[in-house]
Amino acid sequence: MSAVPEARGPERPPRSVSELRSRFRQGKAALIEHFREARPTSTAATRLVRALTRHVDQTLADLWQHAMMPPGAALLAVGGYGRGELFPHSDVDVLVLLPPGENHANDALKSSIEGFITACWDIGLEIGSSVRTVEECIEESHRDVTVQTALLESRYLCGSRRVFSRFRDANAQAMDAKAFLRAKTLEMHQRHQKFEDTPYSLEPNCKESPGGLRDLQVVIWVARAAGLGKNWNELAARGLITPFEVKQLQRNEGLLKLIRARLHMVAGRREDRLVFDLQTAVAESFGYQPTKGQRASEVLMRRYYWAAKAVAQLNLILMLNIEERVNGLQDAPMRPINEKFLERAGMLEVASDDLYERDPHAILETFLTYQTTLGPKGLSARTLRALYNARELMNSEWRHDPVNRATFMKMLHAEEGQTHAFRLMNQTSVLGRYLWVFRRIVGQMQHDLFHVYTVDQHILMVLRNVRRFFIPEHAHEYPFCSQLASQWDRPYVLYVAALFHDVAKGRGGDHSELGAREVRKFCRDHDVPKEDAALVEFLVKGHLTMSRIAQKEDLSDPDVIEDFAKLVGTERRLTALYLLTVADIRGTSPKVWNAWKGKLLEDLYRLTLRALGGARPNVDAEIEARKQEARHTLNLYSLLPGTETALWKTLEISYFARHDAGDIAWHARSLYRHVTSMEPIVRARLSSLGEGLQVLVYSPDRPDLFARICGYFDSASFNILDAKVHTTKAGYALDTFQVTSPHLEEHYRDLISLVETQLAQALNATGPLPEPSRGRLSRRVRSFPVTPRVTLRPDERAQRWLLGVSTSDRSGLLYSIARVLARHHINLQLAKITTLGERVEDTFLVDGSALQQNKSQLEIETELLDAITP
1 MSAVPEARGP ERPPRSVSEL RSRFRQGKAA LIEHFREARP TSTAATRLVR
51 ALTRHVDQTL ADLWQHAMMP PGAALLAVGG YGRGELFPHS DVDVLVLLPP
101 GENHANDALK SSIEGFITAC WDIGLEIGSS VRTVEECIEE SHRDVTVQTA
151 LLESRYLCGS RRVFSRFRDA NAQAMDAKAF LRAKTLEMHQ RHQKFEDTPY
201 SLEPNCKESP GGLRDLQVVI WVARAAGLGK NWNELAARGL ITPFEVKQLQ
251 RNEGLLKLIR ARLHMVAGRR EDRLVFDLQT AVAESFGYQP TKGQRASEVL
301 MRRYYWAAKA VAQLNLILML NIEERVNGLQ DAPMRPINEK FLERAGMLEV
351 ASDDLYERDP HAILETFLTY QTTLGPKGLS ARTLRALYNA RELMNSEWRH
401 DPVNRATFMK MLHAEEGQTH AFRLMNQTSV LGRYLWVFRR IVGQMQHDLF
451 HVYTVDQHIL MVLRNVRRFF IPEHAHEYPF CSQLASQWDR PYVLYVAALF
501 HDVAKGRGGD HSELGAREVR KFCRDHDVPK EDAALVEFLV KGHLTMSRIA
551 QKEDLSDPDV IEDFAKLVGT ERRLTALYLL TVADIRGTSP KVWNAWKGKL
601 LEDLYRLTLR ALGGARPNVD AEIEARKQEA RHTLNLYSLL PGTETALWKT
651 LEISYFARHD AGDIAWHARS LYRHVTSMEP IVRARLSSLG EGLQVLVYSP
701 DRPDLFARIC GYFDSASFNI LDAKVHTTKA GYALDTFQVT SPHLEEHYRD
751 LISLVETQLA QALNATGPLP EPSRGRLSRR VRSFPVTPRV TLRPDERAQR
801 WLLGVSTSDR SGLLYSIARV LARHHINLQL AKITTLGERV EDTFLVDGSA
851 LQQNKSQLEI ETELLDAITP
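Each residue of the sequence shown is one higher than the last, beginning at 1 in the working numbering.
Check the hints yourself; a few may be wrong.
With a cut-off of at most 25 Å between alpha-carbon atoms, the simulated DSS-like pairs for lysine-lysine come out as follows [said to hold, decoys possible]: (1) Lys521 - Lys410; (2) Lys597 - Lys627; (3) Lys340 - Lys377; (4) Lys194 - Lys410; (5) Lys530 - Lys566; (6) Lys207 - Lys230; (7) Lys566 - Lys599; (8) Lys729 - Lys627; (9) Lys184 - Lys230; (10) Lys649 - Lys566; (11) Lys599 - Lys649; (12) Lys184 - Lys207; (13) Lys855 - Lys178; (14) Lys340 - Lys184; (15) Lys541 - Lys597; (16) Lys649 - Lys627; (17) Lys377 - Lys178; (18) Lys724 - Lys377; (19) Lys649 - Lys724; (20) Lys597 - Lys566; (21) Lys340 - Lys410; (22) Lys541 - Lys530; (23) Lys599 - Lys541; (24) Lys724 - Lys627; (25) Lys597 - Lys729; (26) Lys194 - Lys855; (27) Lys541 - Lys566; (28) Lys599 - Lys724; (29) Lys855 - Lys207; (30) Lys194 - Lys207; (31) Lys207 - Lys247; (32) Lys247 - Lys230; (33) Lys599 - Lys184.
Estimated spans, in silico, between C-beta atoms of each pair [said to hold, decoys possible]: (34) Arg524 - Pro243: 40 to 48 Å; (35) Ala30 - Lys178: 42 to 50 Å; (36) Leu640 - Pro770: 40 to 48 Å; (37) Gly328 - Gly101: 37 to 45 Å; (38) Pro770 - Glu392: 55 to 63 Å; (39) Pro770 - Asn233: 21 to 29 Å; (40) Arg702 - Arg302: 27 to 35 Å.
Derived by calculation from the structure, the hints in this document are not laboratory data.
Everything numeric in this text was worked out from a predicted model, so none of it was measured.
Cβ atoms here follow ideal geometry from the backbone N, Cα and C, with glycine treated the same way.
Sequences are here, hints too, so could you generate the full structure?
Now the structure itself:
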């Protein structure tokens with residue numbers, strides 16, 4: 001390959017801005033044209049971004065001199081430009097650093113700076129500029145982590161080296177590595193969420209999407225802030241990454257840079273999204289040509305997805321590694337789970353680095369252990385690294401091993417955890433190596449108007465959707481599906497159908513027919529009972545049928561219904577197909593599902609059920625049984641029939657799914673006269689569980705209600721073990737708390753009276769919320785600390801959010817969380833408080849305008865982390 005042409009013109013400084021403009025534009029055009037004609041390699045991309053950086057460096061130095069800038073000032077490159085990576089149409093971010101005490105309002109200085117910036121734009125440099133003193137830089141970096149990040153990558157260009165050295169030293173002194181790591185981690189998670197939490201979006205942003213260049217930059221930023229290195233080789237020298245991982249990082253980073261550079265070149269503007277309109281042109285610039293079975297763009301995108309997946313895996317390994325170093329977690333005590341695995345700081349750890357080499361069965365056992373063990377929230381860097389290096393062990397013999405097949409079936413049969421376990425298996429490339437048929441659709445695009453995910457991500461979304469039907473906390477999303485799922489006896493059948501329904505896409509032919517063959521083989525190899533195997537095969541083969549009939553056939557035509565009834569044959573098959581169909585449509589795109597489609601499918605279900613001769617499933621059988629038992633209890637208290645009706649009409653299915661009959665009856669008996677009361681109603685009784693008190697609160701809902709309840713319990717020295725929070729259709733909060741007190745056994749009657757009186761008074765208060773008490777940590781918590789974690793994700797409709805909190809238990813914890821929510825006017829729709837010994841795993845369904853803004857989201861997450869950190 002020929003060398004990159006030197007973009008500089010004559011050595012003498014240009015005499016005018018016009019001459020600079022001509023030299024800059026000609027030089028840049030020559031560099032891009034050379035790149036266009038060169039073979040598309042990562043080396044060519046690296047040379048281009050470096051050459052563009054040098055070209056801009058020289059141009060800015062000449063402009064600085066031309067503008068007669070004061071000798072005490074300096075010009076710094078910041079951000080990506082500071083990193084030395086300029087793509088064809090990247091922004092050029094610079095900082096004009098003023099000497100100490102310099103007055104911004106100084107007319108001469110102001111004129112020089114304005115002249116310099118104007119000249120930059122005049123010659124075609126799209127700069128982002130800021131003008132600050134050293135002190136102002138440090139002050140601004142404390143307020144804004146984005147500014148802090150840009151300054152971290154600052155690079156001297158010209159001007160006073162003394163003021164630059166002073167700035168560099170001050171910036172290094174002001175850096176708080178722990179706070180920076182936390183801020184960048186939260187920012188990264190928010191960015192991932194913005195880009196659908198997947199590297200496999202059909203129009204990914206090669207810079208910002210998960211697995212994009214930004215994920216690699218974040219690693220270097222946090223490592224640099226912690227003094228662990230400025231590049232991959234320095235991180236390797238400190239033992240954070242292996243030589244093999246360095247090669248993988250460099251190879252995949254090079255490909256992403258090449259794609260981004262070619263994308264800029266093809267678009268003729270700054271464009272980091274691989275949008276459909278540009279994918280073919282970019283692919284052709286790589287020399288890819290369409291074949292009979294594959295478009296040129298699909299070849300490019302598949303290559304991109306494999307690189308993005310590797311980057312996502314390596315980012316996870318490195319971020320966990322750096323977090324361990326910065327927070328000292330590598331020395332945290334470990335809790336043995338079994339002879340192969342340990343738990344450390346909430347992560348699953350292999351007992352030895354060579355575990356998988358010694359025992360390849362342990363590969364799948366990793367995910368089964370993660371799925372079925374309370375405590376671990378993910379895999380440690382050490383475990384992820386061991387899996388990454390064990391890929392060659394996952395061969396044909398390993399796939400056919402009866403022990404591994406038994407382990408895989410245990411994962412499908414487990415009571416919970418399939419969504420997280422299978423996603424993690426896919427992220428670590430284990431799923432595709434075990435199910436070889438699945439490997440063929442990893443990163444495979446779907447060119448239609450519905451799917452916004454690649455095939456593998458769509459399949460995992462459908463698995464998640466099916467799984468949610470069996471979780472009461474998600475009953476509010478699709479109540480009818482949740483009712484049907486609660487009657488289903490073998491959920492694993494639906495999970496297998498979800499995994500295989502689209503697994504044969506992209507082969508040509510009918511993917512439903514081909515998928516049915518694949519799942520038939522899977523069932524045979526994994527000893528699935530014949531009845532279940534036949535049902536799974538039916539579901540995979542016919543997974544599009546119900547949607548097609550509901551949306552395209554006349555449901556008022558008896559023949560249509562009769563023909564469909566003959567096709568499904570039994571109520572069991574009908575129910576399974578309905579659940580899979582809803583999950584499948586929901587898994588194509590958040591925008592595809594709507595209430596009308598839901599009604600069509602539900603109408604088809606009910607009409608077909610009638611044609612099959614089954615009873616109409618008005619209510620979930622389990623919930624109806626609870627209601628009947630609750631009515632029987634109310635009769636024992638001599639209450640008139642129908643006493644419960646007014647209250648029950650205001651309650652969602654999730655309420656009945658989460659309370660037993662005794663609680664339902666107690667609530668109805670306590671509230672039937674107060675359904676529309678404007679005053680808070682508080683009732684307490686000894687817990688039916690035999691521990692502590694149960695406290696019922698019924699009140700018109702308001703943003704700080706939950707916080708005031710928790711604040712009262714905190715001030716009265718009650719420990720909250722569990723809370724079930726519901727908002728009725730009429731806008732009332734109906735909350736039930738399980739609380740304990742050291743004085744309960746001796747004075748429970750007095751305590752019940754005290755709680756009912758004082759809590760009602762506390763809920764009428766309107767003043768500011770009191771400060772929470774900071775409870776002492778138990779010895780066990782100090783010995784086995786839990787890394788505090790906060791997750792915040794939108795639900796299906798992006799109208800409400802699921803907030804997850806994990807940390808060590810202590811008194812006042814729930815109140816601390818509730819205060820943060822109240823402070824930001826976050827409304828609580830549902831809460832599940834789970835205490836696992838010394839650990840809490842809380843889930844809240846919330847909404848509020850603050851959650852729609854990225855900045856306030858970060859503030860909320862940061863405040864919550866501060867509130868839950870011991």
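When you check the alpha-carbon spacing of Lys541 and Lys566, does it fall within 25 Å? Within the cut-off at roughly 16 Å; holds.
When you check the alpha-carbon spacing of Lys729 and Lys627, does it fall within 25 Å? With a Cα-Cα distance of about 19 Å, the restraint between Lys729 and Lys627 holds, given a limit of 25 Å.
Would the pair Lys207 and Lys247 pass a check requiring their Cα atoms to be no farther apart than 25 Å? Distance ~20 Å between Lys207 and Lys247 Cα, so the pair holds.
Next pair to validate is Lys566 with Lys599; report whether the Cα-Cα distance is within 25 Å. holds (22 Å)
Within a Cα-Cα threshold of 25 Å, do Lys194 and Lys410 meet the stated pairing? Between Lys194 and Lys410 the Cα gap is close to 34 Å, so the pair fails against 25 Å, i.e. violated.
Please work out if Lys724 and Lys377 have their alpha carbons no farther apart than 25 Å. At roughly 23 Å apart (the allowed maximum being 25 Å), Lys377 and Lys724 satisfy the hint.
Please work out if Lys855 and Lys207 have their alpha carbons no farther apart than 25 Å. holds (20 Å)
Compare the distance between the alpha carbons of Lys541 and Lys530 with 25 Å, and conclude whether the hinted pair is satisfied. holds (16 Å)
Verify the proposed pairing of Lys377 with Lys178, using a straight-line Cα cut of 25 Å. holds (21 Å)
Take the C-beta atom of Arg524 and the C-beta atom of Pro243, compute their distance, and say whether it sits inside 40 to 48 Å. holds (43 Å)
Holds or violated: are the alpha carbons of Lys649 and Lys724 at most 25 Å from each other? The given pair, whose Cα atoms are some 19 Å apart, holds under the 25 Å limit.
Quick one, are Lys340 and Lys410 close enough, alpha carbons at most 25 Å? holds (18 Å)
Violation of the numbered hints given earlier is confined to hints 2, 4, 10, 14, 28, 33, 39, 40; the remaining hints are satisfied by the structure.
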